[in-house]
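Protein chains in written order, with the numbering used here: chain A, 1 to 379; chain B, 1 to 379.
Treat the hints with caution; some may be incorrect.
The list cannot tell twin chains apart, which means a pair is met if one copy fits it or any two copies do.
DSSO-like mimics (lysine-lysine), calculated; alpha carbons at most 27 Å apart, straight line [what the hints assert, rightly or not]: (1) 118 to 102; (2) 24 to 35; (3) 102 to 363.
Just so you know, the hints here were simulated from the structure itself, not pulled from any lab data.
Just so it is clear, the structure is predicted and the values come from calculations on it, not from any experiment.
Protein chains: 2
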Amino acid sequence: MTTSNSREATQTPYLLLEEAKIKKNVASLYDHINKLGCYVRPHLKTLRSLQAASLLLKDLSSPATVSTLAEAEAFASAGYLDLLYAVGIEPHKLDRVIELSKNGATIHILLDSVTQAKAVVECAAEREFQFSAFIEIDCDGHRGGILPDNALLLEIGRILESGGVSVTGVLTHAGESYHCQTQAEIQKAARNECLAALTAARHLREAGIRCPVVSVGSTPTAHRVDDLSGITEVRAGVFSTFDLFMKNVGVCTTEDIAISVVTTVIGHNLEKRWLFVDAGWMALSRDRGTASQVEDYGYGLVCDMEGKPLNYTVASVSQEHGIVILPEDDKCGPENFPLGTRLRILPNHACATASMHDVYRVKQNDEVDLQLWDRIRGW
Amino acid sequence: MTTSNSREATQTPYLLLEEAKIKKNVASLYDHINKLGCYVRPHLKTLRSLQAASLLLKDLSSPATVSTLAEAEAFASAGYLDLLYAVGIEPHKLDRVIELSKNGATIHILLDSVTQAKAVVECAAEREFQFSAFIEIDCDGHRGGILPDNALLLEIGRILESGGVSVTGVLTHAGESYHCQTQAEIQKAARNECLAALTAARHLREAGIRCPVVSVGSTPTAHRVDDLSGITEVRAGVFSTFDLFMKNVGVCTTEDIAISVVTTVIGHNLEKRWLFVDAGWMALSRDRGTASQVEDYGYGLVCDMEGKPLNYTVASVSQEHGIVILPEDDKCGPENFPLGTRLRILPNHACATASMHDVYRVKQNDEVDLQLWDRIRGW
Chain A
1 MTTSNSREAT QTPYLLLEEA KIKKNVASLY DHINKLGCYV RPHLKTLRSL
51 QAASLLLKDL SSPATVSTLA EAEAFASAGY LDLLYAVGIE PHKLDRVIEL
101 SKNGATIHIL LDSVTQAKAV VECAAEREFQ FSAFIEIDCD GHRGGILPDN
151 ALLLEIGRIL ESGGVSVTGV LTHAGESYHC QTQAEIQKAA RNECLAALTA
201 ARHLREAGIR CPVVSVGSTP TAHRVDDLSG ITEVRAGVFS TFDLFMKNVG
251 VCTTEDIAIS VVTTVIGHNL EKRWLFVDAG WMALSRDRGT ASQVEDYGYG
301 LVCDMEGKPL NYTVASVSQE HGIVILPEDD KCGPENFPLG TRLRILPNHA
351 CATASMHDVY RVKQNDEVDL QLWDRIRGW
Chain B
1 MTTSNSREAT QTPYLLLEEA KIKKNVASLY DHINKLGCYV RPHLKTLRSL
51 QAASLLLKDL SSPATVSTLA EAEAFASAGY LDLLYAVGIE PHKLDRVIEL
101 SKNGATIHIL LDSVTQAKAV VECAAEREFQ FSAFIEIDCD GHRGGILPDN
151 ALLLEIGRIL ESGGVSVTGV LTHAGESYHC QTQAEIQKAA RNECLAALTA
201 ARHLREAGIR CPVVSVGSTP TAHRVDDLSG ITEVRAGVFS TFDLFMKNVG
251 VCTTEDIAIS VVTTVIGHNL EKRWLFVDAG WMALSRDRGT ASQVEDYGYG
301 LVCDMEGKPL NYTVASVSQE HGIVILPEDD KCGPENFPLG TRLRILPNHA
351 CATASMHDVY RVKQNDEVDL QLWDRIRGW
């Protein structure tokens with residue numbers, strides 16, 4: 001395997017993406033959601049890459065979600081027009097939102113309090129700018145948002161509307177679905193997520209506030225939802241590459257995982273049956289999300305270079321070292337992995353592992369050369 | 001507080017360094033080690049920055065340690081001449097080591113096996129290059145290295161020497177000292193670390209292999225060692241900024257910690273007494289090193305903007321959200337931290353938190369403007 005940059009190609013660790021798998025994962029979820037009458041507003045925070053976004057967004061007007069204004073800036077610069085900044089807005093950030101909108105993009109903001117609504121209205125008046133806001137609804141106590149029946153919902157809606165801020169929609173995220181144990185539980189979480197968003201939208205509309213968009217989503221619920229009546233759009237992020245956490249949640253298989261860290265065996269401890277690899281937490285991240293799940297993959301699942309799982313995990317990491325401990329009863333010992341052997345590590349959490357890298361090396365179809373995709377960094 | 005880049009200055013999260021504290025931490029350890037007759041070969045992997053390195057290295061010939069060839073390349077380009085790449089070498093990386101040496105720098109490599117020694121000798125002959133090698137010694141079973149009394153030590157030494165590779169030294173790292181419970185235990189680990197390195201050096205020298213350098217070190221043992229007879233140099237990395245993990249190990253106080261993430265309150269859950277801040281794991285890292293220590297700081301200790309600890313921790317994180325849970329019995333509630341409040345978070349692990357950022361904002365003396373320091377990235 002070589003790349004367009006041959007010296008770089010032989011250097012590990014690096015992050016490998018498989019484009020064909022990403023395309024398959026995307027098509028599969030989009031097909032499911034489209035059949036239920038909605039569109040997907042993909043979360044671009046996992047890969048944070050213009051090239052990757054082009055696999056997720058049909059054209060420049062396709063709706064997308066971002067987690068930082070740095071992403072919004074990069075995607076708006078590339079011409080994308082419909083970006084939802086899905087983290088609660090605070091006043092220091094409003095100027096950047098206004099600046100971003102100058103080239104024609106709409107940057108929807110998110111809020112869930114009277115204080116935020118008042119700050120946005122004040123800025124809108126001062127800067128003579130028309131903001132577009134989503135109100136965040138809490139469906140499961142996971143993180144932010146207000147409960148759909150909370151009277152503050154209407155108060156926020158009225159402050160915004162009377163202040164000239166568009167109440168574009170309500171938004172909720174079933175974050176607790178990540179901890180579901182069964183597919184039935186995920187389905188229940190999906191129904192609950194829809195119910196919370198629909199209830200909030202109904203309250204707003206009954207009070208005369210337009211609220212055209214009803215936005216729900218998380219990768220687990222998006223895959224298991226079976227009724228999207230009344231819902232406008234579904235958000236999901238990690239589904240494009242998947243990871244071991246989502247494999248444990250039951251919404252993908254290890255074969256669907258499109259992201260891995262390529263590493264090299266740099267040493268052995270023969271007595272302890274240890275392999276040292278050059279992927280430490282700097283390449284894999286410190287994420288141990290699978291530790292509390294049905295199968296604990298340590299710091300990642302070891303595969304051969306064709307992507308076949310070898311059923312060993314990275315047991316521990318330091319900054320630039322990973323340690324793979326081979327099982328005692330296995331016929332395969334450290335001697336089967338000589339110095340210089342290349343391996344691939346499937347990550348616990350794609351977003352976290354991707355965040356450790358500045359560049360992706362991408363396998364496209366059957367091409368031998370790997371393409372380089374840049375990652376958007378910072379805030 | 002403003003910076004040279006005013007828009008950036010008001011945007012959070014960002015990573016703040018306090019230069020005066022770094023200088024104090026560096027002077028304190030160097031003084032201790034110099035008094036014991038040795039010099040410090042600082043590990044530059046924590047901050048990976050040319051500007052930070054200038055606080056740690058007196059001049060271009062000062063010895064330094066790096067954890068990646070990307071660091072070696074950046075520091076060699078800046079003129080530094082004595083760099084130890086302290087991760088086991090594998091053959092694919094030797095060409096970069098040779099290339100790096102062309103401008104006059106010595107890049108010492110590290111190895112602990114006959115296989116590595118043979119590969120290095122083979123490359124040395126083929127490329128007519130004089131490598132400088134350290135042999136890694138295992139003092140506590142923590143990670144790599146061979147035991148000082150293992151007969152392989154001499155075999156490796158002889159292969160290298162007869163192959164024209166300089167055996168510059170032996171190196172050991174008391175990685176298990178991070179888990180010591182008392183200062184007496186750290187002192188014991190320090191003595192054991194020295195003993196392992198001295199024993200290995202003696203074996204090599206008795207066999208006629210020169211081995212001029214005896215290198216030991218870890219941040220805990222470097223601070224508690226009281227006798228360095230026979231030792232040449234001491235390595236340590238995280239001591240320049242320290243962190244909550246090292247505070248728990250007992251080698252610094254929270255006041256000594258020179259690194260923090262500046263964040264903004266972006267929302268509240270008043271019933272649950274939650275503050276939402278815009279520092280999630282993307283800004284803080286996923287490191288939970290203090291979870292198994294005497295005091296668990298969650299994802300970091302919350303301080304005011306003057307750096308005074310408020311005794312709240314970041315209880316949970318998602319990608320761009322942190323949640324601070326205020327205690328029930330505390331007179332200070334979420335209303336005391338209005339939307340837009342700036343806070344500083346001390347990190348569990350400086351190396352991991354720094355790795356999430358591309359740039360440092362540095363407070364120098366009493367200057368109001370923050371300086372920007374770049375971070376070296378990748379491998």
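Each hint tested on the structure:
Within a single copy, residue 118 and residue 102 get their C-alpha atoms as close as 23 Å, which meets the 27 Å cut-off; across copies the closest is 62 Å, which misses it. Taking the closest pair of Cα atoms, residue 24 and residue 35 come within 27 Å of each other only inside a single copy of the chain (16 Å); across copies the shortest separation is 64 Å, beyond that limit. In the homo-oligomer, the alpha carbons of residue 102 and residue 363 never lie at most 27 Å apart, since the shortest distance is 36 Å inside one protomer and 34 Å across protomers.
Comparing the model with each earlier hint shows a violation of hint 3 alone; every other hint is respected.
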